[in-house]
Amino acid sequence: MKLRGSLMTKYLILIMAAMMLWPVIPAMFYFPGYLLSDHPIYRPEEISRKWHEEAVKLNGVDGVTIHDRLAELNGEFPDAEIFWVDPSGRTHAVQDLSENIPEQWDYEDVLSFQLKSHEPGSFTLASLIGDDPKQGFMVMRLPESHILSAEMSLAGNLPLILLFFMICLCFVGLSWFFFVKLRQRLIKLQSAMSVSGKNDIPNEVTISKNDEIGELEGAFNRMVRELRESQQREREEEDLRKQFISNVSHDLRTPLTVIRQHIHTVRNNPESTQGQTSLTIMETKLNEVDKLMDNLLSYSLLSAGKYPMHLQPVDIAEEVRNRVAEWYPIFEARDFEVQVELPEEPVIWNADPMWLRRILDNVFQNVVRHAGAGRYIAIQITEDQKQTLMIRDKGPGIGNESPEKGAGIGLSIVSLMAKEMGMQWEMKSGLTGCTFCIWKDSQQLAD
Numbered sequence: 001m002k003l004r005g006s007l008m009t010k011y012l013i014l015i016m017a018a019m020m021l022w023p024v025i026p027a028m029f030y031f032p033g034y035l036l037s038d039h040p041i042y043r044p045e046e047i048s049r050k051w052h053e054e055a056v057k058l059n060g061v062d063g064v065t066i067h068d069r070l071a072e073l074n075g076e077f078p079d080a081e082i083f084w085v086d087p088s089g090r091t092h093a094v095q096d097l098s099e100n101i102p103e104q105w106d107y108e109d110v111l112s113f114q115l116k117s118h119e120p121g122s123f124t125l126a127s128l129i130g131d132d133p134k135q136g137f138m139v140m141r142l143p144e145s146h147i148l149s150a151e152m153s154l155a156g157n158l159p160l161i162l163l164f165f166m167i168c169l170c171f172v173g174l175s176w177f178f179f180v181k182l183r184q185r186l187i188k189l190q191s192a193m194s195v196s197g198k199n200d201i202p203n204e205v206t207i208s209k210n211d212e213i214g215e216l217e218g219a220f221n222r223m224v225r226e227l228r229e230s231q232q233r234e235r236e237e238e239d240l241r242k243q244f245i246s247n248v249s250h251d252l253r254t255p256l257t258v259i260r261q262h263i264h265t266v267r268n269n270p271e272s273t274q275g276q277t278s279l280t281i282m283e284t285k286l287n288e289v290d291k292l293m294d295n296l297l298s299y300s301l302l303s304a305g306k307y308p309m310h311l312q313p314v315d316i317a318e319e320v321r322n323r324v325a326e327w328y329p330i331f332e333a334r335d336f337e338v339q340v341e342l343p344e345e346p347v348i349w350n351a352d353p354m355w356l357r358r359i360l361d362n363v364f365q366n367v368v369r370h371a372g373a374g375r376y377i378a379i380q381i382t383e384d385q386k387q388t389l390m391i392r393d394k395g396p397g398i399g400n401e402s403p404e405k406g407a408g409i410g411l412s413i414v415s416l417m418a419k420e421m422g423m424q425w426e427m428k429s430g431l432t433g434c435t436f437c438i439w440k441d442s443q444q445l446a447d
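Using full-length UniProt numbering, the first residue of the sequence shown is number 1, and each one after it goes up by one.
Bear in mind the hints are in silico, worked out from the structure with no lab data behind them.
Fair warning: there could be bad hints in the mix.
[Said to hold, decoys possible] In silico DSBU-like pairs for lysine-lysine, Cα to Cα no more than 35 angstroms straight-line:
id, residue 1, residue 2
1, Lys-134, Lys-57
2, Lys-10, Lys-188
3, Lys-291, Lys-394
4, Lys-242, Lys-394
5, Lys-242, Lys-291
6, Lys-242, Lys-306
7, Lys-291, Lys-306
8, Lys-428, Lys-386
9, Lys-242, Lys-285
10, Lys-285, Lys-419
11, Lys-291, Lys-419
12, Lys-386, Lys-306
13, Lys-386, Lys-291
14, Lys-394, Lys-285
15, Lys-306, Lys-428
16, Lys-285, Lys-428
17, Lys-10, Lys-181
18, Lys-181, Lys-209
19, Lys-285, Lys-306
20, Lys-291, Lys-428
21, Lys-419, Lys-394
22, Lys-242, Lys-428
23, Lys-209, Lys-188
24, Lys-50, Lys-134
25, Lys-209, Lys-10
26, Lys-419, Lys-242
27, Lys-386, Lys-419
28, Lys-419, Lys-306
29, Lys-394, Lys-428
Between the sequences and the hints, there should be enough to build the whole structure, so can you do that?
Below is the structure:
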């Protein structure tokens, strides 16, 4: 998600716009004269303070100095009428004065001037020089149009007042619209979460915008997809469990049926040759049942992660030789042709010796049970790009039905053990037999 499209950025822009409007709008009210007038506009408080400070600074100076300073102030206020009256009451003008300004002041002239200073049309300032009435006073008169007043800024600008309220309403409206849209999207997402779709899983929602809520909608959609995939896996695992139980039941039922048949023979003729043969067959079948139960227990422990594993450097070639030697009498009894091609030098893998023997036993047992018709087994270790242990037979292949075909627990155990030890394996099947391959990547081999 880009920062530009996030809700935080949009809300910050809205707040910053409101913060910028607060100083801008008062400026539009209080400074229209500055924007529209062709002459300077003065604030009455500021110019009154300045004029009084100038009068105090002239304390005790001579008339020439006063005249020169007032001339300078007249340059700053070119539209002002400035003059001063000395202690004798004589008027000293900086420039031409109005006709109503007397040349010689008396008490009545001062009173009359004070009364006229409050009349509309002009703004008059008078200050005692040096704050001392014995030093005279100085006067400045400005046209009222040069003074910023309340009447100029508010009462005379009704359109600006209306604009102020319109802007406030727009800000309120935008804020309301912003949060209403957020609320609608959140309600839509809440509705999608509460309304169940097929198989009690919510339906996915449409991602409308790429912002924080859009990311939340995307996460919700991913969760919905994961729930559907999980539900599909559960159905598949349930089907596998049912098939697994069915196959295991078949594996148990078959030897038990054979045992039951031969029990009858032994009961009738226990000392006969046929009875002894039946006992041998019964012992073989009981060994198969024992092996099946052992595989079931191992499979359960492996699936639960409770089967102990101890990895260590193991000479694979030596382990294979030992297992072939133990199985050789069985191969010989079944008239198997056994070919073994193993290197003389050690082939070291990081593995659990007990688990490796269990893998080899399960593979050899599958060959004896399902590929006995081929009467052939070849065991070799190849070293092309990786060290691979291969076990080949000449049986009918996996695709063909076998009377000994079971639940496939042996290969399931091989798969789980190989995965836990970091190995990979595959079973290649064809019309001329099967080839079992197991290998370990070079970076996973023991040092």
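Status of each hint after checking the structure:
{"no.": "1", "hint": "Lys-134 x Lys-57", "result": "15 angstroms, holds"}
{"no.": "2", "hint": "Lys-10 x Lys-188", "result": "21 angstroms, holds"}
{"no.": "3", "hint": "Lys-291 x Lys-394", "result": "24 angstroms, holds"}
{"no.": "4", "hint": "Lys-242 x Lys-394", "result": "32 angstroms, holds"}
{"no.": "5", "hint": "Lys-242 x Lys-291", "result": "21 angstroms, holds"}
{"no.": "6", "hint": "Lys-242 x Lys-306", "result": "23 angstroms, holds"}
{"no.": "7", "hint": "Lys-291 x Lys-306", "result": "20 angstroms, holds"}
{"no.": "8", "hint": "Lys-428 x Lys-386", "result": "18 angstroms, holds"}
{"no.": "9", "hint": "Lys-242 x Lys-285", "result": "25 angstroms, holds"}
{"no.": "10", "hint": "Lys-285 x Lys-419", "result": "31 angstroms, holds"}
{"no.": "11", "hint": "Lys-291 x Lys-419", "result": "22 angstroms, holds"}
{"no.": "12", "hint": "Lys-386 x Lys-306", "result": "31 angstroms, holds"}
{"no.": "13", "hint": "Lys-386 x Lys-291", "result": "33 angstroms, holds"}
{"no.": "14", "hint": "Lys-394 x Lys-285", "result": "25 angstroms, holds"}
{"no.": "15", "hint": "Lys-306 x Lys-428", "result": "30 angstroms, holds"}
{"no.": "16", "hint": "Lys-285 x Lys-428", "result": "29 angstroms, holds"}
{"no.": "17", "hint": "Lys-10 x Lys-181", "result": "13 angstroms, holds"}
{"no.": "18", "hint": "Lys-181 x Lys-209", "result": "11 angstroms, holds"}
{"no.": "19", "hint": "Lys-285 x Lys-306", "result": "29 angstroms, holds"}
{"no.": "20", "hint": "Lys-291 x Lys-428", "result": "25 angstroms, holds"}
{"no.": "21", "hint": "Lys-419 x Lys-394", "result": "27 angstroms, holds"}
{"no.": "22", "hint": "Lys-242 x Lys-428", "result": "26 angstroms, holds"}
{"no.": "23", "hint": "Lys-209 x Lys-188", "result": "13 angstroms, holds"}
{"no.": "24", "hint": "Lys-50 x Lys-134", "result": "21 angstroms, holds"}
{"no.": "25", "hint": "Lys-209 x Lys-10", "result": "13 angstroms, holds"}
{"no.": "26", "hint": "Lys-419 x Lys-242", "result": "24 angstroms, holds"}
{"no.": "27", "hint": "Lys-386 x Lys-419", "result": "17 angstroms, holds"}
{"no.": "28", "hint": "Lys-419 x Lys-306", "result": "15 angstroms, holds"}
{"no.": "29", "hint": "Lys-394 x Lys-428", "result": "12 angstroms, holds"}
Hint violations for this structure: none, all hints satisfied.
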